[in-house]
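> Listed here are the chains, written in short residue letters.
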Amino acid sequence: MRPATVAKNLGALVVAVVFVFPVYWMFSSALKPSGQILSKDPVFVFTPTLDNFTKATGVDLFWTYVTNSLVVTVGAVALALVVALAASFAIARMKFKGRKGLVLGVMMAQMAPWEVMVIAMYMIARDAEMLNSLPLLTAIYFVMVLPFTIWTLRGFIAAVPVTLEEAAQIDGCTRGQAFRKVIFPLLAPGLMSTSLFGFITAWNEFAMVLILNKDKTAQTLPLWLTQFQTAFGNDWGATMAASSLFAVPVLVIFVFLQRKAVGGMTAGAVKG
Amino acid sequence: MTVHSQGAVTAPQDAPPKSAGGQQTPPTTKGAGPSAPRRGRKPLPAGWLPYLLIGPAVLSLAALLLYPLAKNVILSFQKVDKIEFIQRKAPFNGVENYTQLLGDAHFWTVVVRTFAFTAANVALIMLIGSLVGILLNRLGTWMRLVLSMALVMAWAMPIVASVTVFQWLFDEQFGVMNWVMRTAGFSGYDQHNWFESGLSTLVIVTVLVVWGSVPFVALNMYAGLTTVSGELYEAARMDGANGWQTFWQVVFPNLKPFFTVTTFLEVIWVFKAFTQVYAMNRGGPDRASETLPVFAFVEGQSQGHYALAAAISVLTIVMLVIVMSFYFRLILKQEEEQ
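For the protein sequence lines, the chains are W and Y, in the order given.
Numbering follows full-length UniProt numbering, in which position 146 of the first sequence is assigned residue number 146; successive positions increment by one, without gaps.
Numbering follows full-length UniProt numbering, in which position 70 of the second sequence is assigned residue number 70; successive positions increment by one, without gaps.
Treat the hints with care, since some could be wrong.
[Claimed, not checked] Straight-line C-alpha distance at most 27 angstroms; calculated BS3-like pairs for lysine-lysine:
1) Lys256(Y) - Lys100(W)
2) Lys256(Y) - Lys8(W)
3) Lys256(Y) - Lys333(Y)
4) Lys214(W) - Lys55(W)
5) Lys71(Y) - Lys82(Y)
6) Lys40(W) - Lys55(W)
7) Lys95(W) - Lys181(W)
8) Lys214(W) - Lys333(Y)
9) Lys71(Y) - Lys214(W)
10) Lys333(Y) - Lys95(W)
11) Lys100(W) - Lys333(Y)
12) Lys89(Y) - Lys79(Y)
13) Lys55(W) - Lys216(W)
14) Lys97(W) - Lys333(Y)
15) Lys82(Y) - Lys214(W)
16) Lys89(Y) - Lys71(Y)
17) Lys82(Y) - Lys216(W)
18) Lys214(W) - Lys89(Y)
[Said to hold, decoys possible] Residues of chain Y placed beyond 10 angstroms of chain W at every Cβ, according to the derived structure:
19) Asn72
20) Phe92
21) Thr109
22) Phe115
23) Ser197
24) Ser200
25) Ala241
26) Phe326
Treat the hints as calculated values from the structure; they're not laboratory data.
We treat Cβ as the ideally placed atom computed from N, Cα and C, and that holds for glycine.
All chains, please: the whole structure from these sequences, using the hints.
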């Protein structure tokens, strides 16, 4: 290999190590015996143990956190897909009064700074007696992910040639059937990448649940992650085990779907 | 996705609009046909259908986004501290919250800090992201796979989890960072507390945000570079351009829409980043690492100045809208140019 190629590959390796190191360190710390976690010089070789995972999952209400997170996240994403599919079909395929305004509104809603509105949200929830309510949390997450779901699906629908739909209609399909049989299957990658990003947003959400759901039985996994850090000291082994468990679903889905996801969004994103 | 985190996470979604619009507009206008034959079902009056389809989306956005937003604005003109909060009273006090804020040196410190934080983060994200994107483009298949997998891992890390990991990496006693510094020969890192000042806390947050955001920029940059035709590079080489000139004469003009739009998106995400800053050190020590969203949150939640916090958040939103208006104008201009 030429020296330039060697330098390039070495550089790439260093960059790769830098980016992957925090993820590696999270998993390896989670597997370390407690004596070796609390060592001034980091231990790289150790006998892995599941103690930290046992501790992290052994807390009160662990399964409640898991169930809540799953219910809220899946509910929000599913709702967003249905509502967004209808709206984005109208935006991509139909002419109607107010269409431009709607497009602009969706674009702006995409950038809404949710966290700064949390106090108003708290007052509304309190007055409606909906604090500690999972349905309200689901509804909020649904609206958080709705704009970008509409936006992305609009792009995917617009990319399907209208002639395909028309051909189906000429063959005797109704407009609804044409949508179901022709467009919907072609939208699979779009639906997957939008649900992936919707899932990540809702799975991660921290400020709303922190403020609205003070009652532990209505909390989600992001709050479980922080409960091993207390004023009396941090249980780093348990924190890293909890973080690992929290990250695994996202990492797995992302790695499986990333090609589609990156392809889907870059197709239009970068072409200028 | 991600502000990156969260920003980083939503990143991809925001991306398509800007440039995708160009190719997507034609079908939209063309396919607008209620004229298409409909059979088998009672046809709805042509005019209703689109409104029926967008109805649920519009209603939910109005109920759960616009209503809290309006409530927030109203609250910012009221007096609501702990007592009023408990008694559920909210007397109006005009613009008093705003005059109090605008005359408060602490508020302006936070504003300046937020802008500096945003500028530093976005500059680093764009610079490192572009360099890594260019590197990806020049690698062989295997090394490219290795690097892009590493980037994807960092990208996919949930923010709350990555905050805990960075707290652990920078732990005072057992953090691997202090060990790295000691091993590299710097003294004084035995028990170095990285969270002892607001500035160094924000430096750690910056490392986290940049780490989480670079993959989005780098992978998209790489995808963009593959669309630049090889002939252009060839021509540049024939003209005797060096690497730097090739970048400015060939790559940059071709990817200009990508650079401008990505920069704006990153500005917006970093500016409103909350979880990374708040979860890292609760805005501390002594409120010295608060950026605007965190300032609003702490002022309301911990200090009990609910209406004042609402005024802060309104001012934050106003600043964001100004930034966004530049962004939207840019998108519109780009669509026109196509």
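> Evaluate each hint against the coordinates.
Evaluated hints:
no., hint, in the structure
1, Lys256(Y) - Lys100(W), "holds (26 angstroms)"
2, Lys256(Y) - Lys8(W), "holds (26 angstroms)"
3, Lys256(Y) - Lys333(Y), "holds (13 angstroms)"
4, Lys214(W) - Lys55(W), "holds (23 angstroms)"
5, Lys71(Y) - Lys82(Y), "holds (18 angstroms)"
6, Lys40(W) - Lys55(W), "holds (23 angstroms)"
7, Lys95(W) - Lys181(W), "holds (23 angstroms)"
8, Lys214(W) - Lys333(Y), "violated (46 angstroms)"
9, Lys71(Y) - Lys214(W), "holds (22 angstroms)"
10, Lys333(Y) - Lys95(W), "holds (23 angstroms)"
11, Lys100(W) - Lys333(Y), "holds (16 angstroms)"
12, Lys89(Y) - Lys79(Y), "holds (9 angstroms)"
13, Lys55(W) - Lys216(W), "holds (18 angstroms)"
14, Lys97(W) - Lys333(Y), "holds (23 angstroms)"
15, Lys82(Y) - Lys214(W), "holds (18 angstroms)"
16, Lys89(Y) - Lys71(Y), "holds (14 angstroms)"
17, Lys82(Y) - Lys216(W), "holds (24 angstroms)"
18, Lys214(W) - Lys89(Y), "holds (23 angstroms)"
19, Asn72, "violated (4 angstroms)"
20, Phe92, "holds (15 angstroms)"
21, Thr109, "holds (18 angstroms)"
22, Phe115, "holds (15 angstroms)"
23, Ser197, "holds (20 angstroms)"
24, Ser200, "holds (18 angstroms)"
25, Ala241, "holds (18 angstroms)"
26, Phe326, "holds (12 angstroms)"
In this structure, the hints that do not hold are numbers 8 and 19, in rising order.
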